[in-house]
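Position in the sequence shown counted from 1, then plus 625, gives you our numbering.
Hints were generated in silico from the structure; no laboratory data involved. From the three backbone atoms N, C-alpha and C, an ideal C-beta is built for every residue, glycine too. Wrong hints could be hidden among the right ones.
[What the hints assert, rightly or not] Pairwise CB distance ranges, derived in the manner of DEER restraints:
#1 Glu631 x Ala707: 41 to 47 Å
#2 Trp745 x Ala709: 18 to 24 Å
#3 Asp651 x Val699: 29 to 35 Å
#4 Asn696 x Glu654: 32 to 38 Å
#5 Asp651 x Glu698: 47 to 53 Å
#6 Glu701 x Glu634: 23 to 29 Å
#7 Val739 x Val699: 17 to 23 Å
#8 Pro708 x Asp737: 42 to 48 Å
#9 Val739 x Asp716: 19 to 25 Å
#10 Glu646 x Glu733: 22 to 28 Å
#11 Cys731 x Arg637: 37 to 43 Å
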Amino acid sequence: MSVVSELVEARRILTEVADEEAVDLDGIEVGVMIEVPSAALAARRLAPHADFFSIGTNDLLQYLFAADRLNAEVPELQDVCAPAVLALIRDVIDAGHAAGAWVGVCGEAGSDPVVAARWWVWASTSCR
626 MSVVSELVEA RRILTEVADE EAVDLDGIEV GVMIEVPSAA LAARRLAPHA DFFSIGTNDL
686 LQYLFAADRL NAEVPELQDV CAPAVLALIR DVIDAGHAAG AWVGVCGEAG SDPVVAARWW
746 VWASTSCR
């Protein structure tokens with residue numbers, strides 16, 4: 626999802642169905658998977674309508690660098706600490722936090738303790 630109207634419509638449908646089925650939505654969060662560069666670039670516009678962002682690192686890197694993530698010939702195009710990746714992640718974090726949304730990370734980078742430590746140090750000095 627990278628267009629605000631999609632998120633607004635998804636929330637509308639969720640509310641409509643919940644009302645029809647008498648389902649209480651209290652405590653149900655609606656978020657956006659940030660898996661493509663267009664979603665990351667739209668984060669500031671999406672954030673006011675989202676409770677959270679989840680950054681899908683595998684797909685985000687593949688689409689950011691236009692390189693198959695299974696291609697062992699171009700490992701430099703799968704660097705989760707490349708400046709372009711960090712800039713996108715910083716922007717998503719800043720946008721989410723500015724709107725009161727939490728931000729999580731999934732994918733291989735999200736489960737790699739070395740990457741997590743590097744990002745923690747980077748985020749503590751780079752994110753506003």
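Okay, Trp745 versus Ala709 on CB: inside 18 to 24 Å?
Holds, at about 20 Å.
Is 32 to 38 Å right for how far apart the beta carbons of Asn696 and Glu654 are?
Since the Cβ atoms of Asn696 and Glu654 sit about 35 Å apart, the hinted range of 32 to 38 Å holds.
Asp651 paired with Val699, Cβ distance criterion 29 to 35 Å
Violated: the Cβ-Cβ distance is about 47 Å, outside 29 to 35 Å.
In this structure, is the beta-carbon distance linking Val739 and Val699 contained in 17 to 23 Å?
Since the Cβ atoms of Val739 and Val699 sit about 21 Å apart, the hinted range of 17 to 23 Å holds.
Consistency of beta-carbon spacing, Arg637 to Cys731, with hint 37 to 43 Å
Violated, at about 26 Å.
Given a hint of 22 to 28 Å, does the C-beta separation of Glu646 and Glu733 actually sit inside it?
The hinted range 22 to 28 Å is violated for Glu646 and Glu733, with Cβ atoms some 37 Å apart.
How does the Cβ-Cβ distance of Asp651 and Glu698 compare with 47 to 53 Å: does it lie in that range?
Since Asp651 and Glu698 have Cβ atoms about 50 Å apart, the given range 47 to 53 Å holds.
Do the beta carbons of Glu631 and Ala707 sit within 41 to 47 Å of each other?
violated, 28 Å
Glu701 and Glu634, beta-carbon distance inside 23 to 29 Å?
Given about 39 Å between the Cβ atoms, the range is violated.
So the hint says 42 to 48 Å: do the beta-carbon atoms of Pro708 and Asp737 match that?
At 19 Å between Cβs, range violated.
Given the hint of 19 to 25 Å, check if Val739 and Asp716 actually sit that far apart at their C-beta atoms.
For Asp716 against Val739, whose Cβ atoms are near 23 Å apart, the range 19 to 25 Å holds.
Checked against the numbered hints given earlier, the structure breaks hints 1, 3, 6, 8, 10, 11 and satisfies all the rest.
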